[in-house]
Amino acid sequence: MSGLPGWSRGYPVTRIYPPSWHGFQAPAHLRAVCALAGARWDVDPAAPLAIAEIGCGTGYTASLLAAGNRHASVIGIDYNPAQIAEARRLAAEAGLANLRFIEADLAECGDAAIDALPEFDVITVHGVWSWVADPVRDGILRIIRRRLKAGGIALVSYNALPGAAAAMGLARLARGEIRKAGDPLQGVQAARALTERLIAARAPHLLPSSWRRVLTGDAPGASDGYLIHEFQTEHWRPSFFEDVADAMASARCDFVGSATVDENFPQMSLDPAQRALWDEAGSEAERQLIFDLCVQRAFRRDVYMRGRRALDRESAVDGLWVAAVTHAQGEMEFTTQAGVATLSSAQVAPIRASLASGPKTIAALRTLPGCDGLTASELLAVLLGSRTAAPLWRDPGADPEMATASDSAHRFNAVAAREFAPHGVGRAQLGLASLALGGATPASALELAVAQRLLEDPATHDDAALIAARLPPAGAVPAAEIMAGLEAAIADILRDKAPAWRALDVI
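Take the sequence shown: its letters are residues 308 to 814, numbered as in the numbering used here.
Watch out, some of these pointers could steer you wrong.
Here are the in silico distance ranges between beta carbons for each label pair [as the list claims (entries may be wrong)]: (1) Gly476 <-> Ala588: 43 to 51 Å; (2) Asp561 <-> Glu587: 21 to 29 Å; (3) Leu505 <-> Gly589: 39 to 47 Å.
Hints listed in this document are in silico derivations from the structure and should not be mistaken for laboratory results. Every residue, glycine too, gets a C-beta built ideally from N, C-alpha and C.
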């Protein structure tokens, strides 16, 4: 027996899913992926946009999308009533009038219920596909088939084969320990202990994997609640790209590319011999299988379009606006499947200086000294992959109502800081809503708390000591070395992040 209620369809529902922001779900990021793939997505940031998040959990991502898109109508769908109730509470507290949540079991939704939904420009299905039963997958496909607009975008993320194969034994082990323990938390702890013993015993099939690191506590940010959702489900199974692509084709959706930007560049992920095999492949399914056989990763973030049309890739990328998300100095590099992608120091300095003065188009950045040899796509990939910049949904200077409209984003950021980052403590991957981004910029708990202080008390401007003194709980007297470390961390945030936040009207 699983210990799960019958209505759960084999998915853990006793603990609500922890909040987490993933920037690849934002419309601006999806537009950048389409540009990189040479796929035309006709969407106007100033026009009403309809977004659906299937499997919205407690609504954190949907709330950030609503707070960052004043013209959008955002709908979050989940079958867990506790999560929907929590999502509605958060939205009400933040005053997000353009957001609503629907409690629905997709396995039971008929065509009439689905057709009552609006047509969507964007449908995201993140962290759902690999964890749910086939009837739920069928429900997801029915929504995409019937309610995704022609030319609309769907994001589907999932554990991918063959990379996830190494985790199948570990998932079975963890699920068994949870079942034996009766209590999910005790089961996770038992699974962790048994896994560590198996590692010590050099079990040949317990290969290094992201799941192993998460379960043993070697990966940051993995709460017990996350582990329960990851391992207690009865239906977890990874998929090959071709099987997911075939399912999406039944909804008349064409593969566009990966929301993991560097994976759209085989030269960034494959060595020359692997690239030759990739080039020889006769179909997209063959290319993606070769790619998945050659790279060490077990999770895909695939973007689909309902009716793909072509456009000139480099021209589309050149026209994208990007803005700095940090003013930190140093190299501009990121790790890809094949190594490290980087720009030269001669290129980095003028790019950082230009972005420090405000948002720029990719075309404008390529006119800077030393940058004329960069293609638009390569430059965008490095800017996003190194987390130096993010694609804008709209230029802050082009919208005279931006300052007033940003009030909803500011309000949500303050509510979220009190809710998820009290006193700047927490391991969750959070975000700060921004209308310029049409979503959020990533933020740690401490960064969210600092932003809240800067929003609510301008007197704390650039005063790390004052902010640090106001973060601990009332009556708490942290040790001097703890306060010194906190003050230093806040000073770094004020130097590197706060200027970017101001440019994005986050604060």
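Hints, verified against the model:
no. : hint                          : in the structure
1   : Gly476 <-> Ala588: 43 to 51 Å : violated (30 Å)
2   : Asp561 <-> Glu587: 21 to 29 Å : holds (22 Å)
3   : Leu505 <-> Gly589: 39 to 47 Å : holds (42 Å)
Hint compliance for this structure: hint 1 is the single one not met.
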